[in-house]
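Trainee: The chain contents come next:
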Amino acid sequence: MFGSEKIRGIFWQVLLLAAVVAGGWYLFSNTQANLARSNIQVGFDFLDREAGFEIAESWISFDASNSYGRAFLVGIGNTLYVALIGIVLATILGTIVGIARLSENWLVRKLASTYVEVMRNVPLLLQLFAWYVFFTELLPGVRQSINIGGLAFLSQRGMRFAWPVDHPAYDYAGIAFLAGIIAFFFYRSYANKRQQETGRQLPLALPALGLILGLPVIAWLVGGAPTDLDIPKMAGFGMRGGKNMSPEFTALLLGLTTYTAAFIAEVVRGGILAVDRGQTEAAEALGLNSGQRLRLVTLPQALRVIIPPMTSQYLNLTKNSSLAVAIGYPDLVSVANTSMNQTGQAIEAIAILMAVYLFISLLIALLMNFYNSRVRLIER
Amino acid sequence: MQWIKRNLFSSPFNTVLTLLCLGLLIWVVPPVVDWLFLKAVWGDQPVAACNAVRGEGACWAVVWAKFRFMMFGTYPFEEQWRPAIVIFILVGLLVVSAFKYFWNRSLIAIWTVGILLAYWLMAGGLGLSSIRTGQWGGLPVTLILAIFGIAFAFPLGILLALGRRSELPIIKSISVIYIEVVRGVPLITVLFMASVMLALFLPVGWQIDQLLRAQVAIILFVAAYLAEAVRGGMQAVPRGQYEAAEALGLPYWKSVGLVILPQALKISIPPIVNSFISLFKDTSLVVIIAIYDFAYAVKKSVETDFEWKKYFIEALLFSILVYWIFCFAMSKYSQWLEKDLARGHTR
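The listed protein sequences correspond, in order, to chains L and H.
Just so you know, the first sequence maps onto residues -18 to 361 in the working numbering.
Just so you know, the second sequence maps onto residues 1035 to 1381 in the working numbering.
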C-alpha cells in the first residue's frame, strides 16, 4: 500500500499540513501567553483611539486628536502619492537614459552608462541619506533661498514653487483633457475602420494633439483664461504662497526616481536591443516612414520584452518607498512604526502594513498583466 | 580625428548633444574635483585642519580619525584583529565561489568551513575570549548578514522551488503563498516583524538577540527570491531529463539531487548572483532597526562625536564608496558570467 505513489503523495502532504498547522498553533499559543503576560489587548480597536501625534504632510486634514485609523489612511495616501509620482518620473528619466546608452554619440553613451553603474551599485538607503543631507544641510537657509527664475525657491525647508491661483477654468481644462483622451480613442477606432474599408489612412498625430492638448486649452480660454500665479514671497521668518515640497518628500522622491531610473534604463535598453535589426529593415522596405516604423514595428515588439521587467521595477519602487521611515517622510511604515511604539499593538500594525503592501503589489501586477495581455504576441 | 568625427559630430543633432554634454562636464567636474581631491584634507589630521577649509574641500581626515569604529563598530578594541580576519575569510569565500573550478560539492565544504571559522572568530570560545553579538559591528556584520543570509536561505529556497513545481496541491499552494507573500512586501516590514514579533512567538521567558532576529528575517526574505531564481533554472531543464530520470527508476529525491538540480543550479547562477547583489545592498536596511552594520557604524561614528559631526557627508561618501566597490565588482562579474555561460550554450 505504501508503495503506491499516489498514497505516498497524500501521506507527505498531510504530514506537511499537520506540521504547518502544529507550528502555527505553537507560535500562536506562545504569542497569546506573551501578550497575556504583558497585558496587551489584541484587536483592531486601537484604530478608533486618539492618535496623539502630528503628521507633517497629509492629503486629508489630520491633527493629533484624530484616530489611529485616520493616521494609517494618511500614511497609505502618502505612500501611494510618492510612489505614483516616482513611477512616472523614473519611467521618463529611465527611458531617456536607456536610449542614451544606445546613442551613436560616444560621450552621451559613456555618461549614461556611468550614471547606471554608479546609481544601481549603491544601497538606496545611503542615497536617500545623501539626498536628505543635501537638502537639510548643504542648501542655504530659507532667507537665502536659491531663486530659480523667480518661480521656484530652493532652501533647507524644501522647494517652494509658484502655483496657479484656484479658478474654475482649471477644472474645465481637466475635464476637457479627459474628454480629449476618450474622443481620441473613438477617433482612432474610426480611423482603423476606415483604413480596413478603404485602405486609406487618416492622419493620427495632428488630431491627437488637437484633441488631447487643444481641448483643454479651449476650455481654459472659455473659462476666462486666468493667468494669476501664487508666487512665493518672503514673509517674516519664512516664505508664503505657492506650493511647498518638504525636504523629506523631495529627498525621497529624487532618491527613488534616480535609483529606479538606472534599473529602468537597463530594461529599456534590453527591450530595444531585443528587436531584430531585420524588422526595422523590413519596415523600411515596406516604405514606412521613421515615425510609423517606431510606432508600428519597433515599439510594439520592444514593449513586449519591456513590460514584465518594468512591472517588477514599479513594484520595487513602491516597496522601496518604505525607506521613507529612515528620513522622516510620514509614509505608511513611519505611521505604523509610531503607532506600534505608542500602543504596543505591534502585531496589528505589522498585519496592516503587510496587507496594504500586498494589496498594492497585487493591484500593480494585475494592471500590468492586463496591459501586457494587450501587447503580447498573439500566436495561432 | 576620424574617430572624433564619427563618434561625436556625425550629424547636427549629435554635435548639439556633444556640446551640451561637454558644457555640463565643464560646469560640474572642476568644482567637484576641487572639493573631492585638490582642496581636500587627506591623512591623519586634526579636526582643526578640516575646519580651516570647510566648504571648499572635503574632510577625508574623518575617515582616518574614525576608521576603526567605521570598520568594526563597538567590537572590543584589542580584539579587532578577529573581525579583520573575518572580513578576509568572507570576501575570500565570495572570490572562491566566483571560480567555475569550485562549482561542485567542494564548494559546500568550503562554505561550511568558512562560515564556522568566521562565527568562531567573531563570537569567541575555544581559547578566544567570547564577545556577545551586541558588540559586533561594522563591515563584518554587513558581510555576515549577506553571506550567512544567502548560505542559510539556499536550502530553504531550493525546497520552496521544488514545492512550487510539485504536482501535490497542498505542498504547491503552501510554497506559492509563502513565495508570493514575501515577495509582495518590503524587507523593512519583515525586519520589523522579526524585531518585534519574533520575541512574541517564542515560549515565555526566551530571549533572542537583535542581530539573530535580523539574520532570521533576512534568511526568510531571501529564500523567496532564491526560490524564484532556482525555479527559473528548473524550468529551463529539458523535459527529457525529467523523463529520463524517471525511466531509470530513480526515486524522487535521487532524480532531483543527481539529475535535475545540478543542471538547474548551473542555469540559475546569474540570477542567484544578482539576488546576492541586491541582498548585499539591502542589508543596509538594518540601520532602521539600529543594528551596527557597516552603514550604521559609519553613521554613528560621526554622529556621536561633536567635533566631527559636521563631516557626516564625507563619512557617508566613504561608506557609499565601499558598498559601490563590492557591488560594482559583483555586477561586472555577473555580466561577464552571463555572457560566458550563454556562449557555452549556443555552441
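In case anyone wonders, no lab produced these hints; they're calculated from the structure.
Please note: incorrect hints may appear among the correct ones.
[Unchecked claim] Within a straight-line C-alpha distance of at most 30 Å, the following computed DSBU-like cross-link-like pairs (lysine-lysine) qualify:
hint, chain 1, residue 1, chain 2, residue 2
1, H, Lys1073, L, Lys91
2, L, Lys91, H, Lys1206
3, H, Lys1134, H, Lys1366
4, H, Lys1206, L, Lys(-13)
5, H, Lys1366, L, Lys91
6, L, Lys(-13), H, Lys1288
7, L, Lys91, H, Lys1373
[Said to hold, decoys possible] In silico negatives: residues of chain L with every beta carbon more than 10 Å from chain H:
hint, residue
8, Gln(-6)
9, Thr12
10, Val69
11, Trp87
12, Val99
13, Gln108
14, Asn128
15, Tyr171
16, Met226
17, Arg285
18, Asn301
19, Ser303
20, Ala307
21, Ile328
22, Leu343
[Stated by the list, open to error] Going by beta-carbon spacing under 10 Å, a handful of chain L positions derived as facing chain H:
hint, residue
23, Ser19
24, Val103
25, Thr299
26, Ile341
Note that CB positions come from ideal geometry on N, CA and C, so glycine has one too.
Trainee: Please go over all the hints and tell whether each is borne out by the structure.
Mentor: Status of each hint after checking the structure:
1. H:Lys1073 - L:Lys91: Within the cut-off at roughly 27 Å; holds.
2. L:Lys91 - H:Lys1206: violated (46 Å)
3. H:Lys1134 - H:Lys1366: Holds - the C-alpha atoms of Lys1366 of chain H and Lys1134 of chain H are around 16 Å apart, at most 30 Å.
4. H:Lys1206 - L:Lys(-13): The hint holds at about 15 Å.
5. H:Lys1366 - L:Lys91: holds (16 Å)
6. L:Lys(-13) - H:Lys1288: holds (18 Å)
7. L:Lys91 - H:Lys1373: Distance of about 21 Å is within 30 Å: holds.
8. Gln(-6): violated (4 Å)
9. Thr12: violated (5 Å)
10. Val69: holds (20 Å)
11. Trp87: violated (4 Å)
12. Val99: Check fails; 7 Å does not lie beyond 10 Å.
13. Gln108: Per Cβ check, Gln108 of chain L is inside 10 Å of chain H; nearest 8 Å; violated.
14. Asn128: Consistent with the label, Asn128 of chain L stays out of reach of chain H, its closest Cβ about 19 Å off (over 10 Å).
15. Tyr171: Given a closest Cβ separation of 36 Å, the condition holds.
16. Met226: Per Cβ check, Met226 of chain L is outside 10 Å of chain H; nearest 22 Å; holds.
17. Arg285: Given a closest Cβ separation of 19 Å, the condition holds.
18. Asn301: violated (7 Å)
19. Ser303: The claim is violated: Ser303 of chain L sits with its nearest Cβ about 4 Å from chain H, within 10 Å.
20. Ala307: violated (5 Å)
21. Ile328: violated (6 Å)
22. Leu343: Non-interface label on Leu343 of chain L violated, nearest chain H Cβ at 7 Å vs cutoff 10 Å.
23. Ser19: holds (9 Å)
24. Val103: holds (5 Å)
25. Thr299: holds (8 Å)
26. Ile341: At about 8 Å, which falls below the 10 Å cut-off, the nearest Cβ of chain H leaves the hint on Ile341 of chain L intact, so it holds.
Of the numbered hints stated above, those contradicted by the structure are hints 2, 8, 9, 11, 12, 13, 18, 19, 20, 21 and 22, listed in ascending order.
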